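A.B. asks: Here's the letter readout for the chains.
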Amino acid sequence: MKYSVVTFPGSNCDHDSYYVALKRNNEVNLIWHKDTDLKKPDAVILPGGFSYGDYLRCGIIARFSPVIKEIITFANKGGLVIGICNGFQILTESGLLPGVLMMNRDLKFICSHQFLRVENNQTAFSSSFQDKQVIDFPIAHKEGNYFIGRKGLEDLKENQQIVFRYSSSQGEVSEDYNPNGSIDNIAGIVNKTGNILGLMPHPERNAQDFSGSGDGNILFSSIEKFIAARV
Amino acid sequence: MFKAKIYIILKPSVLDPQGNAVMHALHSLGHEEVADVRVSKYIEVMFNISDEKIVSEKVELICDKVLANPNTETYNYELEPVSDAEANKN
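One line per chain: the protein sequences are A and B, in this order. Take the first sequence: its position 12, counting from 1, is numbered 1 in my numbering, and each next residue is one higher. Offset between the second sequence (1-based) and my numbering: plus 19.
Calculated directly from the structure, the hints in this document are not laboratory data. What you are looking at is a predicted structure, and each value in this text was computed from that prediction instead of being measured.
Ranges of calculated distance between the beta carbons of each label pair, as one might list FRET restraints:
id, chain 1, residue 1, chain 2, residue 2, range
1, A, 13, B, 56, 43 to 51 Å
2, A, 100, B, 39, 19 to 27 Å
3, B, 70, A, 12, 52 to 60 Å
Glycine is no exception: its CB is placed at the ideal position from the N, C-alpha and C atoms.
One chain only, chain A, in its complex shape (with noise of 0.2 Å):
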């Protein structure tokens, strides 16, 4: 299948993603945020990095880009479209999710391994991974703190948006397993029609044979299972 990965000023996950998507036999094509061909992807991938420094609020800025333009056009069509970190942050920001990334509870940028629990095993980017399962995606942000309103997060529930929640190394969901606050312990939602994801949480760096426990491949095997069946 093919991936276009966008590349924003100050992405810095762009070209990891570019090379797991690689690897998995695929073809890439890096798309500069200006451009406005996205090259006739299946999925496209925003990915993780501090598009224009973050300022004013992370990814509002990135949110004007030619690009997102025609990734709103190729998501109304039922498009593929995974944020990653700053990604889920843009994809917010332009209104394709719904919901606001804060700064983390403790004021801190972190990076470390974080066990999430998959809540929801039946949208195109988590169908390979089994109910509730436990898996190890690397966060590294300062503003992944997500919150929605009341009203929102019962709509995320009833819909079964919730993909992943941050969890112990058990599964096991609770505020102690909250590395930064987020509401309900999202970490990460699809909207409503399930072809747009976004997520905190890093699965193209647990995509290696190097990065331990490769869950991230989970996640690229889901979407390319799901293509491979779209054809």
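Knowing the structure of chain A, use the given hints to seat chain B on it.
C.D. replies: Same frame as chain A, now just chain B:
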């Protein structure tokens, strides 16, 4: 010309960890009477527009679209007339 003085404020329902940290620091300095602290953003925007009503509309538009996130933030602003001579000093 007008200078817009814009304050971007977290909604009261949203936890402000920065404000809490500052409040604890003030308490530890002995300022026990400090009851609450909220940290906000202050932005100045100069407009090349002479009609105050249009400036107001513009300020609200850019706050709604860019400067504030309606999920968590509200804003208020003041407009200050600025003479061309004053504006040129910058």
